[in-house]
Amino acid sequence: MDLALVGTSKWLREDLDALIGNSNEDGGDRTPLSAYVLPYGERVGTWSTPVIPSARLSEGEALPESCTTAILDRYGAFKYLNDITVPIVVCVVDRSIADESDADTIIEARLSNSRPISVVADLHWTPPGAVEALGFTVSL
Amino acid sequence: MSRIHEVIHRYATARAVAEHGVSIFAVGDPSGAQLNAAIRRTLFTLGDERSDVWTDLLQAANALRWRRMTQPQPNSYQPAQVEIVEAVLRHTKRLRHFVGDESLLDQLAASATAVSETDSPLGPLLLDSIREVGESACIVVATKGSARAGLQVWLDQAGVPVLVPGELGHLSAGTEQSYVIAPPAFVPSSLMTAPATSEVTFVIPAWFGNRAAPCSSLGPHAEGRIEVKAAVYEIGDTTEPPETLPNDTEVMDTYFPQPVWDSRLSADREPASDEVMAWKVLLGGGLALWLDDGDRIRSLDPRQPEGDRVGYTSVSDVTQGTYLVLREGETERGVMYDQAMRALGPRAEGILATQERWKRALQQRLDQRGVRRAADELFALGVRSAGQVRAWTEARLICPQRDTDFALLLEWLAMTSQPTYDNAITLRRAVHKASAGLRKELELAVSQANFRTLERDGILHLDVSHEGFRGMIVTRVLARSPFTEIVTRSQVRLPFSDVSAQWLD
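Those protein sequences? They're chains D and A, same order as listed.
Last residue of the first sequence: 140 in the numbering used here, with the numbers rising by one and none dropped.
Last residue of the second sequence: 645 in the numbering used here, with the numbers rising by one and none dropped.
It is worth saying that the hints were derived from the structure and are not from the lab.
Bear in mind the structure is a predicted one, so any value in this text is a computation, not a measurement.
Partial selection, computed: residues in chain D whose CB lies under 7 Å from chain A:
id: 1; residue: Ser96
id: 2; residue: Val120
id: 3; residue: Glu132
Using N, Cα and C, we set each Cβ at its ideal position, and we do this for glycine too.
In isolation and in its complexed conformation, chain D is listed as follows (with noise of 0.2 Å):
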C-alpha cells in the first residue's frame, strides 16, 4: 500500500469511475481510471489504496504508515496537510472555489521552511493550458 487518497469520498468515488483514453483514437481504449487506482472496496484483492474521507482525519484516523504519496482533494483534505508526514504530497487547488483559504493554506506551507522545485525543469512535467503548477520540498 504505497497511495492514499484523501477528500471527499463521493466525489472521489465518482472521479475513479471515468473512464480515460483518447477518444479520437480508433479502439482506443477506455479504461475506468479506478483500474490503474485500485481503490479499497468491497471486492479487492491484497493490495488497494484507500480512499479516506477528510472528516475521517478530523476523528482521529492516521494515514496507513506503508503509505508514501498521498493526494488530497481540495476543501477539507488541506486542513490536515501539517499532520500528514508522508514523502510524497499531491494537494489538488480547485481555483474555482470562490473562497481562497485552500491556496493560501499551500502557500504558507511553501513559505515555511521550504525549498521551491520547478514542476517544469525538475519533475519535467509542463502543465496543460489554464494549470497553475507549484512544487515545493519541505523538512519534517
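Following the hints, complete the assembly by docking chain A onto the known chain D.
Just chain A, lined up with the frame of chain D:
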C-alpha cells in the same frame, strides 16, 4: 454532465478568458458619484485621527454607497435603502451640534437624498446587455447572498438567474456570458482565473476608480501563471462632481462595509486562571461570539455533498464567510465531554484523576514561569502547538491535538507518562466517538434545511432531536476582530446578541 466533463468545460472557459481577457462596463452614475465624492472628502478632511462621533454616519453612508455599487436595481426594489438613507440624515442632523464646519454634513445629506431619488443607471444598462445576449445565454453574479436576494426579485421579470460566486458549478448548457455586479477587486479572483462562462463582463459605476483584475493567490508563486487583461468601456455621463478629490489623493477608504472595532478594552496583562484571550466574532442573525484559541470548532460547508457537510474548522481558519454550528446556551465541547465521561463508565474516575493531575502541574508551571516563557521552552523542545499552552489547563480541552506534543509536554512537566498519556487518549477517543454520533444527527438535520434561507438571513435554526442538542443553529461569520480581549472562560463560544454587525451583510 459528469464531474469530469464539468472540469473539462471549466478548463476550456478558463483558457478562453485567459486569452481574450474580461470586459469592464464603467457606467456614469452622477448621484452615486456625488455620494462617493462626499464620503471621500469627509474621510480626507477628517484624516486618520477622526473623532468617534463620525463613526455611525460614515458607516451608514458607506453602506449606502456599497449598495449603490452592488445592487443597482431601481429604488422601488430597494426597501432597505430607505432605512439607511434615513440613518444618514438622522446622523448628519445630530452631528450639527458637534461640528464647526457643516459643509461636509451638507454634502453627505444632499448626496444620500440624491441617491434615494434617482435610480442607478447601471440597472437599465444591465437589462439592455442581457437582452442583447439573450436571457438564456447569460447569468448575473452578485457579491453575496444578501445582494443576490435584492437583485433576484428585480431580475425575475427578465428571467435571468442571479448567482453568487460560490454557486457557479452547474450552469445550464449554452450559458456564455456572466455579468458581474461588482468591480474585480471585490469578488474572488476565481471569477477571472477559473470562470464558469467563456465571457465575463463587470458592470461597475464609473466613479469607482480601481479597475485592476487580481490574479489567483497561487498565481504569483506558480509556473503557468494566469494573468487576465481587462478592457474598460466608459458608458453614459461619467463627469465627476466638482467636489471630487484628485485621483492620486491618499484616503483611507475601504468601500467594503467593515465593522468598527474601536480599540482594545482589556489592559495589557496576562489573563487570570479563569480568563482567556479571545477574538470577537460577529455573526449573522444579530449574534456575536467570543472565540478562544483552543479546540477546533464545529462548522458547516454548504458546498459539500449531502452527508459530508458538517465538519470542523481550526480557530485560525474561522474567517468571514465560515458557517459555524453553535448551540444556544451551552458550548458543544461541554456537552460532548459530559457524554464521553458517561460512556466511559467506571473508568471515568481514574481518567479524571490523571487529567486533573497533569493539568494542575501545568497550571503551577505557568504560574511560576509565565505563559510566554513556558511556550518558548515547549517550542524549543519540539512542541509544535506550544502557543496553545494556556488552553491546555482547561479541564474540558483534553490534551494537545498532536500525540507527540502531548508526550513532550508530560516530559517537560517531569511526569511519568503512564497511565496519564493513555488515559487522555482514551478520553479523547470517547469524545471523538460522541461527536461522530452528533455529526450524524447534524448531517440529517442539515440535509432537510434550506440553504437559501441561510444565505439570505445568515442564520438557520436546526431541528435536532438528539438529547441535549436542541437549539442548534448555523450562522455565518461576518467579521472577526483583529485583536483579542480578555474574557472569562464561561463566556467563550457562547453566542450572544450584538447589534454592531448592522448593515455588514
